[in-house]
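There are 2 protein chains.
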Amino acid sequence: MSPEKITSLQNPRVKQLVKLRERRERDAAGLFLVEGYREIRRALEKGVRPQEFYFCPEWFLGENEPALIEQARQAGAQLFELSKDAFAKVAYRERPDGLLAVAPQWKRQLEDLVLKPAPFLLVVESIEKPGNLGTILRSADAAGCDAVIVCDPVTDLFNPNVVRASTGVLFSVPVYVADSVTVHAWLKAKGIRTAATTPHTDNIYTSTDLRGPLAIVMGSEQYGLSEFWMKGADVLVRIPMAGQADSLNVAMATIITLFEAVRQRNG
Amino acid sequence: MSPEKITSLQNPRVKQLVKLRERRERDAAGLFLVEGYREIRRALEKGVRPQEFYFCPEWFLGENEPALIEQARQAGAQLFELSKDAFAKVAYRERPDGLLAVAPQWKRQLEDLVLKPAPFLLVVESIEKPGNLGTILRSADAAGCDAVIVCDPVTDLFNPNVVRASTGVLFSVPVYVADSVTVHAWLKAKGIRTAATTPHTDNIYTSTDLRGPLAIVMGSEQYGLSEFWMKGADVLVRIPMAGQADSLNVAMATIITLFEAVRQRNG
Numbered sequence: 088m089s090p091e092k093i094t095s096l097q098n099p100r101v102k103q104l105v106k107l108r109e110r111r112e113r114d115a116a117g118l119f120l121v122e123g124y125r126e127i128r129r130a131l132e133k134g135v136r137p138q139e140f141y142f143c144p145e146w147f148l149g150e151n152e153p154a155l156i157e158q159a160r161q162a163g164a165q166l167f168e169l170s171k172d173a174f175a176k177v178a179y180r181e182r183p184d185g186l187l188a189v190a191p192q193w194k195r196q197l198e199d200l201v202l203k204p205a206p207f208l209l210v211v212e213s214i215e216k217p218g219n220l221g222t223i224l225r226s227a228d229a230a231g232c233d234a235v236i237v238c239d240p241v242t243d244l245f246n247p248n249v250v251r252a253s254t255g256v257l258f259s260v261p262v263y264v265a266d267s268v269t270v271h272a273w274l275k276a277k278g279i280r281t282a283a284t285t286p287h288t289d290n291i292y293t294s295t296d297l298r299g300p301l302a303i304v305m306g307s308e309q310y311g312l313s314e315f316w317m318k319g320a321d322v323l324v325r326i327p328m329a330g331q332a333d334s335l336n337v338a339m340a341t342i343i344t345l346f347e348a349v350r351q352r353n354g
Numbered sequence: 088m089s090p091e092k093i094t095s096l097q098n099p100r101v102k103q104l105v106k107l108r109e110r111r112e113r114d115a116a117g118l119f120l121v122e123g124y125r126e127i128r129r130a131l132e133k134g135v136r137p138q139e140f141y142f143c144p145e146w147f148l149g150e151n152e153p154a155l156i157e158q159a160r161q162a163g164a165q166l167f168e169l170s171k172d173a174f175a176k177v178a179y180r181e182r183p184d185g186l187l188a189v190a191p192q193w194k195r196q197l198e199d200l201v202l203k204p205a206p207f208l209l210v211v212e213s214i215e216k217p218g219n220l221g222t223i224l225r226s227a228d229a230a231g232c233d234a235v236i237v238c239d240p241v242t243d244l245f246n247p248n249v250v251r252a253s254t255g256v257l258f259s260v261p262v263y264v265a266d267s268v269t270v271h272a273w274l275k276a277k278g279i280r281t282a283a284t285t286p287h288t289d290n291i292y293t294s295t296d297l298r299g300p301l302a303i304v305m306g307s308e309q310y311g312l313s314e315f316w317m318k319g320a321d322v323l324v325r326i327p328m329a330g331q332a333d334s335l336n337v338a339m340a341t342i343i344t345l346f347e348a349v350r351q352r353n354g
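From first to last, the protein sequence lines are chains A and B.
When the letters of the first sequence are read in order and numbered with our numbering, they come out as residues 88 to 354.
When the letters of the second sequence are read in order and numbered with our numbering, they come out as residues 88 to 354.
Just so you know, these hints were derived from the structure itself, not from any lab.
Quantities reported herein were computed from a predicted structural model and do not represent experimental measurements.
Treat the hints with care, as some may be off.
[Claimed, not checked] Partial selection, computed: residues in chain B whose CB lies under 10 Å from chain A:
1. V105
2. T222
3. D228
4. L335
5. I342
6. E347
[To be verified] Each pair of labels, with its calculated beta carbon distance range:
7. A:Q103 to B:D321: 56 to 66 Å
8. A:E308 to B:D321: 36 to 46 Å
9. B:M317 to A:G134: 31 to 41 Å
10. A:A175 to B:E145: 40 to 50 Å
11. A:G354 to B:E150: 32 to 42 Å
12. A:D199 to B:R108: 42 to 52 Å
13. B:L200 to A:G117: 49 to 59 Å
14. A:A116 to B:P153: 45 to 55 Å
[As the list claims (entries may be wrong)] Calculated cross-link-like contacts (lysine-lysine; reagent style PhoX-like; alpha-carbon spacing at most 25 Å):
15. A:K171 to A:K102
16. B:K216 to A:K216
17. A:K176 to B:K176
18. A:K194 to A:K106
19. B:K194 to B:K92
20. B:K277 to B:K194
Just so it is clear, CB atoms sit at the ideal spot from N, CA and C, and this is done for glycine as well.
Okay, chain A solo, but in the shape it has when bound (with noise of 0.2 Å):
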């Protein structure tokens, strides 16, 4: 059966991929976009189900968009071939490649989560950039994090520059969403050793024990560390900074502590 062809920018379908930018229509539906060759390959490698797909020969950039579109019809995805006019609207990037899927949005449970003997865990509260909170995921699925925590989340998981930022990683490394006060609960319970990054202490992080059952918190770009991690971390760590006060943002504060975590339990 071959695609459905679309061509005006006035078809519903063209106006809901246009709305599933907005969280509060994406909640509503339950759904999400997933744009770009390398994000939506990857979603399929983790077994994610997308239900539409949407292309535009127009504008691929390589040859090897027909496999994928087949691996999503596989899937299960209904497809949609689309103008180029048609996809440069739904398109979010300013470069599209001609491929749009649209997938269910999912949601972890804590109590799901299944613990290796030393986890490693990240805690990131309240971060308001999707930009930061992708590259942050990227940068827990490079050091090896078992799984990331996302408390009190300003940006939503699903929003599509998480998506882009994070390469597709949102996929594979395990994401969940609680409140902080869970949380910490839920970490003490299980043994897990805090370690909360803050400007505010003078505890240097290379000089602090990051092995055994850890969880790494850091706070949101504007605010820092909430007053309820302050308190209750097992232990504050400070990166030393040779430049201005702020030269590091919270995805650059996150790499280098989860970096340091790992030579620490490496070695």
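Dock chain B against the given chain A, drawing on the hints supplied.
Chain B alone, transformed into the frame defined by chain A:
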């Protein structure tokens, strides 16, 4: 003397500001754009003397703008007040804050770089994305690098996205631009060891001595380290990665390597 007011989108100055987004225009004029309160403040603090300063109170976000404008005027800038529409046209950012300066470009010569006893340098090769170069400058500032040397640049230092992503660190970290062969010879002559980052080595970066006179060398986004540096570097180092092969981008790999060097050099 009150500033000249510009309301027409066809005003030659408005058109010139838009043109300065293009490298050819920047290089021909020897000028570049500095947009935003933080970036302009840092530029002024570091002695940059803008020739022109454009502002629009309707876009202001805070209350410190008049003081900054006065500071720019005292530094020799000619002032222009723009209408809301005109400023929206010249603004490079999606959310402008009503402040835009035009400053002269500069060029530093490698032979003028005065070295400390154990210099700590960062060398980056052919970085393509302005955002990455800006983030890398910011990381070098945070890590306390004495200087950044940009080899065979693809993006120019004065791209508006470099200024933005560096959050104005471009004005504080000494940055030099030269070709790889010259830089390599200069480092050799100065007795500075080069440690180049690549996935194609067994040396783990945390097990490699990164103390003493050191230049960390990073390859480009797409091609990694060139053959020249692969062969010419004193030591190759690798960051072990748990996740997907491409889970670290060049800016992330740079900050991880820099802060490991800081750890070793401080310990």
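Non-conforming hints, listed in increasing numerical order: 1, 10, 11 and 19
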